[in-house]
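From first to last, the protein sequence lines are chains A and B. Under the working numbering, the first sequence has 286 at position 286, and the numbering climbs by one with no breaks. So the working numbering is basically just the index in the second sequence, starting at one, shifted up by 1000.
Treat each hint with caution, since some may be false.
Which chain B residues face chain A? A few, computed with CB under 8 Å, are given here [stated by the list, open to error]: (1) Ser-1183; (2) Phe-1185; (3) Leu-1186; (4) Leu-1187; (5) Leu-1190.
Okay, derived cross-link-like pairs now, DSS-like style, lysine-lysine, Cα gap no bigger than 30 Å in a straight line [to be verified]: (6) B:Lys-1156 with A:Lys-160; (7) B:Lys-1007 with B:Lys-1205; (8) B:Lys-1216 with A:Lys-67.
By construction, these hints were calculated from the structure, which means they are not laboratory data. Virtual Cβ for every residue (Gly too), placed ideally from N, Cα, C.
The lines below spell out each chain.
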Amino acid sequence: MIKVITKSSPFLHQDISVSVIMLKVLMALCPGILAMIYYLGWGVLINICLAIVVAVTAESLVMILRKRSITDTVTDYSAVITAVLLAIALPAYAPWWITVVGILFAIIIGKQLYGGLGYNPFNPAMLGYVALLISFPREMTQFVSPNEFSANINFVESFKLIFEVNNFPVDAFTMATPIDHLKTNLRLDHSMEAILQHSIYGIFGGTGWEIINACFFIGGLWLIYEKIISWHIPVTVLLSIAFIATLFYWFNDEKYATPLFHLTSGATIMAAFFIVTDPVNSASSYIGKLLIGCGVGLLTYIIRTWGGYPDGVAFAVLLMNMTVPVINYYIKPKVFGYDN
Amino acid sequence: MHIENLKKITLNGLWTNNSALVQLLGLCPLLAVTSTAINGLGLGIATTITLILSGTLVSLIRNLLRQEIRLPVFMLIIASIVTIIELTMNAWFHELYLILGIFIPLIVTNCVIIGRAEAFASRQGVFLAFWDGLMMGLGFTIILVLLGSMREILGKGTLFSQADLMFGNGADWITLTVFDNYSGFLLAILPPGAFFGLAFIIAIKNIIDNHQSHIK
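Take the sequences, apply the hints, and build the full model.
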């Protein structure tokens, strides 16, 4: 027997606001963040908290300057999302001023100067990250290696490191990320087999990084299940990276890493599910989304393999953000009731 | 000579019609050389001298010119002046000349100069043309030095570094270290820093203008 509940009018539409979407995205990020804290240490958590505080403060200040309501814009959690995405992209023990400068750049210049949420042509978090990467190349490439060091440092020590209370040399225990390490050594003409003997490499990608990426993957799948994001962008990003990586791996497996290495290293999964899918600066039609996804995937691989920076995701996202107006202009979704 | 007229030209060059902030002319050298305040000052002075000389000369010969060939003649005058300045800088400020490089000969193509020759100097008396060149040049120089200082302080933590390029070896005392042990905000020195910096200066000018018009 089917139970039909009827209510009298007025019928309410589904109560899904920006803040609900943003909260769900934050929840989906949690498994990945927990994995990062487990493998990389408390620095991740401190960075995230610092970033959120700075982002909300900066957003409120701009709102006061623009004579807008503070509560409306701060409670939509979009600044928090930007802060969290930027914070997890930073090296875990980056000094505090790195986080502050990056967040201020992302929120004030990347988002509010363009008109705030909904008007920003570039992903603010990636804009902040790229500004930091080209401004402070030394601090931005000092990643800790998972496991070796992070398990031995407690919360207070992490706090002291980030706020530079005692001048402990961070470089003493930082090292290149697996992608960077592989690229550097391949350029030195070391053989692939010898390089992969190093302890930073795991089964598929980097030790620890593969688990972190798997956790982000689970969070991303939940977002698709909840219909917060559509499958188009994540699937095309991952497929296009897999495709071009397979092509080059098949062409020369001594010079190019396996497709699985590219999928499980760096920020691939996190970007595919959480960054490229930003509804504000991504294409609106499904075909447009497929194009954006392919572009990000291919550019990520190209910049990662032949470029000079540790990972190519941020640059790929910004480059594809620039193409969104053109894509939206030429590929318009069919309007209901018209033949188009 | 009307004092009112001179005042108007002065205000025009320095503020209301500032070549860098309002006309947005000559952006290429403006953005490219302002990585330090001294570089900006060097190019600013060279541009100012060109503006003064070209304005005066164009005004002097304005009654002899036929309309049809005025632009080539302006270009000839400007190119000769810039060549003189280039050779002078090469001889006396060789280091600065090397840093500014291509942007010294490129003063020829700076739209401010041909623009002022066409719009002002070819229709006005010699003294007014001279004064207009000086004020337009000063307005341009002030913005170059301001932008250069902003980028230098943010990017390197110093102000007026390499002052010896311009004022000789005795001028090292001018260099200020604003932040000690500063690791440098590279973005300010790189090209994006120039665009951001200029945009902020223009925004500040617009805020001041809005404020003024509200008071009136």
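How the hints compare with the structure:
no., hint, verdict
1, Ser-1183, "holds (7 Å)"
2, Phe-1185, "holds (5 Å)"
3, Leu-1186, "holds (4 Å)"
4, Leu-1187, "holds (4 Å)"
5, Leu-1190, "holds (7 Å)"
6, B:Lys-1156 with A:Lys-160, "holds (27 Å)"
7, B:Lys-1007 with B:Lys-1205, "holds (20 Å)"
8, B:Lys-1216 with A:Lys-67, "holds (23 Å)"
Hint check: no violations occur; every hint is consistent with the structure.
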